[in-house]
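A.B. asks: Grab the two chains, each in its own frame, and use the hints to assemble them into the complex.
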Amino acid sequence: MSKQIKSLLQQAELYRSQGLLREAKKKYKLVEELIAGSDKLPNKQKLLNGLSKKMEALNRDVENIEKAPTTPEMSAHVNELIKKLFSFSSKDKDAGNSALEGAIALAKFGQFEGALEEFEKLLNVKSQRLSAAKNILRCHLEMGDIETATEKLEKWQKGDLLVSEQIEKLTVFYDDILEKKGLKKEPVVEEASAETASQEEKFEEEEEFLDISAVAITFDSGPYKGEQVELDVSFQSGNVISLIISSKDEALIENLKVGVRLDDVHFYSPVAIFRGAGLVSAMTQIKSGPKKGDYSLDIKIESL
Amino acid sequence: MAVFNLKKREIECKIVYYGPGRCGKTTNLEYIFKAYKKQVEGEMVSINTEGDRTLFFDFLPMELGKIKGCDVRVQLFTVPGQVQYSSTRKLVLRGVDGIIFVADSLEVRREKNMLSLKDLQQNLKDYGLNIFKIPMILQYNKRDLADEGMPIMPIEKMEKDLNRQLKVPSFPGSAVKGDGVGVTLQECLKRTLHSLQKQFNWAQK
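Keeping their order, the protein sequence lines are chains A and B.
The numbers in our numbering rise by one with no breaks, and the one at position 88 of the first sequence is 70.
Here our numbering runs 13 ahead of the position in the second sequence, where the first position is 1.
You can take every hint at face value.
Here are a few chain B residues that sit away from chain A, every Cβ distance over 10 Å (derived from the structure):
#  : residue
1  : Glu23
2  : Val53
3  : Glu54
4  : Gly78
5  : Lys81
6  : Arg86
7  : Leu128
8  : Asp132
9  : Phe145
10 : Glu172
11 : Arg177
12 : Lys180
13 : Asp192
14 : Val196
As a list, the in silico SDA-like pairs of lysine to any residue whose alpha-carbon atoms are at most 20 Å apart:
#  : chain 1 : residue 1 : chain 2 : residue 2
15 : A       : Lys282    : B       : Asn214
16 : A       : Lys8      : B       : Glu120
17 : A       : Lys66     : B       : Pro74
18 : A       : Lys73     : B       : Gln88
19 : A       : Lys66     : A       : Leu98
20 : A       : Lys73     : B       : Lys21
21 : B       : Lys125    : A       : Ser(-1)
22 : A       : Lys66     : B       : Val53
23 : A       : Lys11     : B       : Val121
24 : B       : Lys146    : A       : Leu261
25 : A       : Lys36     : B       : Gly64
26 : B       : Lys20     : A       : Gly241
27 : A       : Lys239    : A       : Tyr206
28 : A       : Lys(-12)  : B       : Gly162
29 : B       : Lys20     : A       : Ser72
30 : A       : Lys7      : B       : Met163
31 : A       : Lys282    : B       : Leu142
32 : A       : Lys66     : B       : Gly55
33 : B       : Lys146    : A       : Val262
34 : A       : Lys282    : B       : Lys211
35 : A       : Lys66     : B       : Val16
36 : A       : Lys7      : B       : Pro164
37 : B       : Lys211    : A       : Val242
38 : B       : Lys103    : A       : Thr52
39 : A       : Lys75     : B       : Glu23
40 : A       : Lys239    : B       : Asn214
Bear in mind the hints are in silico, worked out from the structure with no lab data behind them.
In this text the structure is predicted, and so the values were computed from the model without any measurement.
Quick reminder that beta carbons are idealized off the backbone N, C-alpha and C, glycines included.
The following block holds chain B by itself, in its conformation from the complex (with noise of 0.2 Å):
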């Protein structure tokens, strides 16, 4: 839940990258944190397992500055992807504001893909949430291995698996090149902030 300070005119909003495990959330966060260093707030914070898996989340606070005459702070998060550590995925999840969920564009990921986004939306509605009401954004991640010639999902069929009903906006990605972690970002930052003013009505118009 975003905390607004009416009298200092501050408001910290928390963004969560969601997906399935080795989806490349991590990644996304490694590189905001490379790229946009003005913005970055201190440290971020990873907390790994073997093979560099997330075990509890990373953590990254941003400042965006002044919009609209308030200050934004921004903390993303990004969860834990494996299956075994749903509780702790869970708990991250509390007080979100905005999804990014990250897909990994493998062919033979998708399924995980799709078990992930039930995940989050049975976690969310575990926290009262609705799916199709959250500030949310797809991102198709990995479309570089293309490239390399591995098989990866055609974005028409990314869409139709996890895009159909949910109809939010969606970007192609390859986080460890930095291809569209920036616009993903910036569109949830847009959409969260946009229904964070219809909540609180802190922008000054």
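In isolation and in its complexed conformation, chain A is listed as follows (with noise of 0.2 Å):
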């Protein structure tokens, strides 16, 4: 038995090491059932006290791990990496995007006041104003302060920085999120507190895409120079629209190789059409079905 019992122990330690606490705990625990168990060990005492102390301070590191924060303030120069690693847009081509990117990536890494700062400057730049002014309140949401938020946004609602149709959207926005929280507009800093930290997710990026039915592509080379083509959506995931294409049409299969950048599409949604521009993203044959052998174009919406 005492060989089981330091094969047991080894193995405990080891798992320790690793930092695989809940598995050394178990471990532990079956060593203290044999000793428990035994009444042939002279030492039975001794082992189980020696056995209780390890057991304590493995427990001490659990508690350790499980009460530390998880959204503890960083340094400056960490936040700076944090924005330039996850704004995923081009600096040069739409800084302002770039910047809200950014600065959403610090809300979602829980650096609420480093975002926040990041926010207020975007409300100076008119084309994120809206989406700036929304995860101002989030993140004032997501600190507890709801008083602050309902603040903001009754200040919005008496000024000029806001168009009224971006203060209308606004407002439907916060009510929409205080309905979700089962919050109430008064300050109700505790409540909002509990309820906040249990969520998950919640900046989200504007990336809400709107259902495209069909495109027009205009050709600026290839076959189909100077031409506008336009060709049904057969699918939507996200930003990705897929395409068929009719094995016929080889002229088009050429110009719309894998990574060929169409700068001028109108995107057909429901709404209206948009203008903007895509990147053929993938094109594979149809293996099957009534439209075996036409081809399934992939085109990511690059701008709208």
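C.D. replies: In structure tokens, the structure reads:
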């Protein structure tokens, strides 16, 4: 039995050194049961005392991990790095959007103070104003400060920073969040804090893409140079739309190779036609079914 | 998503180390940081919490030099493995070009490996990516623990658990000793650059 105990203890120590604390605890428990159930061990109580100390230390480790802040305040250097690494738009082509993505990343990593600073700056950028305002409200709610969030909204409602249509959208957005959280507009800081801590993924970027039903592509090179070709959208997932191209249309297939950038595309949605750009991200030949032999083409919408 | 600058002939891609908590993702990066000093471009950034657990991510930028007439830069990231950091994990995965899935060879971590792989598949799907199509490598880490009498899974069992459908290259490893770390990264880079070649046609022939 002492051999078995020794082996189990060795495993427990190794799991502990690996940071696998629950696994280590299980092994210690097994050892405890073995020792407690044995009448033959001469130093039984001493062993149990020693084991108890080990388990106490392990419990302290577990507790420290569980109590550790999940969103500690980071240094300015780390915050800069987060902004840089998690803004995916080109800084040169769309500085406003790039800055917004960086600020959202800060918020997603729980760096609310830093994020708020960035969003406040973005209020001065006309194209990002509404998104910045929405995220400012979200940040305050995440910090459990419903009072400041409400004050900010009221200030914008009275001022002229946002146009009436934006104010309307912002108010609907804010009421919606409060409703989802089961909050009222009066200051209920403690409740807000408890509610927000359990939520995840609230800082969604403005990625909700409109349903696109068809596209019209104007080609600037190749066999279709200068022509506009209309195609129906067969499937859409986020900002990627799929189109079916007949295998007979060899010239079109030639024009739409993977990696080709389409700078002049009209995207038809139920509400309006938008002019934008896209990138051919995939083309696969359909292997079966009525469209067998035709091509399924994916276009990633890059701007709308 | 890789960044390709046609004018400067530069390509920058993102490789993410994924896997369950405490499987050795950060240890992989730490070894790379020490062993590939020439290619490392700057410092390794680790954002840890209590017990050396990755809280947000680890980040290591590398400069591979000229490959087929193009300057190749790589950003290596690790995700936080603990289950509760799912939103952070997903955020770090955004824009990924290649994945190294680090599986823990310890028998007691079998289920965690499988859950983490499923989590990866779902997160990729949410970004419109297909786990079967993205360049990916498996690393079966902590093989050295067998020498210390710890129950570890045979490679065949891990292949069956994790790679039966994926059928991607896999390597045994011991990140603390550096075994298998380099070869895993090299193979992932090879596959990633090959995949990017198909997308951007960046290489000069």
